[in-house]
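Protein chains: 2
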Amino acid sequence: MAERITPRSEDYSRWYTDVVLQARLADYSPVKGCMVIRPNGYAIWEKIQQVLDKKFKETGHVNAYFPLFIPESFMKKEAEHVEGFAPECAVVTHGGGEELEEPLYVRPTSETIIWSMYKKWIMSYRDLPILINQWANVVRWEMRTRLFLRTTEFLWQEGHTAHATEEEAEEEARRILEIYRSFAEDYMAMPVITGQKTENEKFAGAVRTYSIEAMMQDKKALQAGTSHYLGENFARAFDVKFQDKDGQVKYVHATSWGVSTRLIGALIMTHGDDQGLIIPPRIAPTQLVIVPIWQESTRTKVLEFSERVYRQLKEKFDVKLDDRDQYKPGYKFTEWEIQGIPIRVEIGPRDVDANQVVLVRRDTREKIPVGLDRLMEEAEKLLDTIQKSLFERALKMRKENTFRVDDYREFQDVLEKGAFLESHWCGNTECELKIKEETKATIRNIPFDREEETGKCIYCGQPSTGRVVFARAY
Amino acid sequence: MAERITPRSEDYSRWYTDVVLQARLADYSPVKGCMVIRPNGYAIWEKIQQVLDKKFKETGHVNAYFPLFIPESFMKKEAEHVEGFAPECAVVTHGGGEELEEPLYVRPTSETIIWSMYKKWIMSYRDLPILINQWANVVRWEMRTRLFLRTTEFLWQEGHTAHATEEEAEEEARRILEIYRSFAEDYMAMPVITGQKTENEKFAGAVRTYSIEAMMQDKKALQAGTSHYLGENFARAFDVKFQDKDGQVKYVHATSWGVSTRLIGALIMTHGDDQGLIIPPRIAPTQLVIVPIWQESTRTKVLEFSERVYRQLKEKFDVKLDDRDQYKPGYKFTEWEIQGIPIRVEIGPRDVDANQVVLVRRDTREKIPVGLDRLMEEAEKLLDTIQKSLFERALKMRKENTFRVDDYREFQDVLEKGAFLESHWCGNTECELKIKEETKATIRNIPFDREEETGKCIYCGQPSTGRVVFARAY
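Heads up: the sequence lines are chains A and B, in that order. Counting from 1, position 243 in the first sequence corresponds to residue 243 in the numbering used here; the numbering is continuous, with no gaps. Counting from 1, position 137 in the second sequence corresponds to residue 137 in the numbering used here; the numbering is continuous, with no gaps.
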């Protein structure tokens, strides 16, 4: 706790790691590329799970669980899929003391194992749609890892749905992307750009991939969630057909979609400051923390009052009372600031006398004295205000760092300072790859809400029908 | 659905598998030894998680997540532990296309990886206790597998706590066993015997293991949860010491404890009947299912009334309305019976006229007409009654099949019919192993509440101070 957090201006990357470690969100493990998610980090993941799980269930999805292991032969059934994932898989070759006949891949994603089951479960249109989600761990071998952002093992949810028609599946993929958008914006207070990935950037095995993209404080992009229309690709690979109402036998249409513990990295890099983490109230496992300030002579009075306040707040909010004896208030302030609790409730002897508390905003550090009679409504209002204000601040940052650029030289210059660039692109993978090679910028997505506008590709000058978003990305 | 469930009297083992498959709780996967937990089964697991997670948090525990992979060298640090677990591990030898320098074991349990982290986190008595739980998948290679009961991969929770003293750790291990007991009895309606495992049956690496043991309908025992006092074993293996209040440096004391998806198997075999599953109301994802019975002329009237009943019940209960057009009521009855929904709510045109519904108990099939004005209280009362009655029935079964036996010949005869046997045992592993070899019965545990009673070991005739519980077990 006494350690210093590197200021963002000095080294953004070190700042990030300092916050993760000092807020005790995660820690390095002795297993290369794998992290430990500590209780503070896991509690945020539990909040993310609660909110998303509810939204999935409200839209008719159910949870299930499929095996961790995938036979090698299954991975190979969808050509693009194996090409994309096999090189980054962990492979089990021995089990129960013996060498296996067929190696087992630790799932990097579960399309293949799940579609091998859908083959058993789908006969008729009556069996459709299947709307299954899974909360699970997955493994993708990584050479260069960063806590939460890129680790060999991570936690995620993966939805895998089966539909009678392309139209229905497409609708599902879009519905989920909208759930991801509203979750990111309304809960995580993180503005995102929704759109379609390019051919080159889409999921290995998908027909179309949609994504939400957020700008981090260093102006790099972070892909925060993806939703795929998989067409008949996996149905064909695993021979999953159904008899339709019209008596005809057809291939099933698929979607898959996921968000992961990476979201916690996004949260840190969207809202954190040089004092540590800032958690938006709607996703905060602890929304308020009460820190009593006493001396020996005022101890009983302050603690009794604090407990009363605690019991009151607990009725409606997620609240903690930090009545630890062995630490001074100043130490506690710092600790809870690092951990990003949205509101600190200070209670000293004079506050007890005045029948009030002092609310301290984590984001602005503003201090607001509030009488006990108005505490509940003021706390609620303030949490709302913080939630909105975090979103507005992040949106403003993104707007101020997003530029329409039509000249490749300027593109390179602006990119150097960090930015989202809205530029024209001809639609060819060749230009996309050249730009990536020369600038490290990728097309984040083709925004759904882009204006129709004719222009010239920023790279080759060929005609374009609209702008796409370029950025360097995590 | 049209398939027949093998009656229990014909073949208990086939009955079990039939129920699992036809209630769509789980399915065989193409990966040897691994199962798919289907939505109906996973929903039960989610209920189990909800209840236990709440109990863990109320007693001060927090959740975290540790890596799936454990370096081979870590497994080897605790001698008994590696001997017990290494032979049943799945081993990753390749990652990212290359052979690994050190093989990684897929966790069969996480003591070693977790204690390697506790080494980093524990310095002083101020860092204790650590009360961490993890919800995770684990892998133990199995040759002969059975859905839910014994599979290569399964889901579980594993608690891992660190304490300053043996006394505290012992108290924790017992506290958790009591949580398991009350969960099994009060939620799953499954009576259990709490007690201590013998030296031979304890967890590999534990000083003492406690368990809850239940009797299944075929009179075999099922170990439904275990809690271990691990002493300083893992602290010594990973060199985890702390500076105590008195200034001295001491080893940390540990516990670990877990229950798994095996509980779903226990639930099926405690309550199911020849019609399928019976889920105790307090753990049922769906407590009531409304089945409207209409003909074309009464369709609107019955459906409107049913929706009203649905909205009313939904205020307080987990309820489903089965208004599917393509299936007849009789088909629906069977389907929901197989799935074990505690109460079916039948609504026909005459019920609408009488402003009533008919509640049908899944366990006794009793039909109870209830006026709409008394529906909420009657439904609640009936759910309570079913919950209690399931527990009583299971307890009666156990009592009727538990025998005090002092003669080894009689022991063998009684065991043949299936039973729990309360017999004297001298305390020597040798006798325990001989009995196991000759009868396949193991000592389930040494019950906490056994009477003090001197006697002679059922096998060797040496003095004994009390009875232990013998049974054949899953």
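A hint or two may mislead.
[Stated by the list, open to error] Derived PhoX-like pairs (lysine-lysine); straight-line CA-CA distance at most 25 Å:
(1) B/55 - B/328
(2) A/314 - B/119
(3) A/314 - B/381
(4) A/320 - B/316
(5) A/57 - B/316
(6) B/316 - A/32
(7) A/316 - B/55
(8) B/220 - A/32
[Claimed, not checked] The following label-pair restraints were derived from C-beta to C-beta distances:
(9) B/304 - A/24: 35 to 43 Å
(10) B/388 - A/98: 44 to 52 Å
(11) A/50 - B/454: 49 to 57 Å
(12) B/250 - A/54: 42 to 50 Å
I should point out that these hints are in silico values taken from the structure, not numbers from a laboratory. Glycine is no exception: its CB is placed at the ideal position from the N, C-alpha and C atoms.
Going through the hints against the structure:
1. B/55 - B/328: 42 Å, violated
2. A/314 - B/119: Not OK: residue 314 of chain A and residue 119 of chain B at ~35 Å, beyond 25 Å, violated.
3. A/314 - B/381: 31 Å, violated
4. A/320 - B/316: Violated - the C-alpha atoms of residue 316 of chain B and residue 320 of chain A are around 30 Å apart, more than 25 Å.
5. A/57 - B/316: 18 Å, holds
6. B/316 - A/32: 49 Å, violated
7. A/316 - B/55: 20 Å, holds
8. B/220 - A/32: 44 Å, violated
9. B/304 - A/24: 35 to 43 Å: Roughly 55 Å apart at Cβ, these two residues miss the hinted range, so it is violated.
10. B/388 - A/98: 44 to 52 Å: 49 Å, holds
11. A/50 - B/454: 49 to 57 Å: 55 Å, holds
12. B/250 - A/54: 42 to 50 Å: Holds, at about 45 Å.
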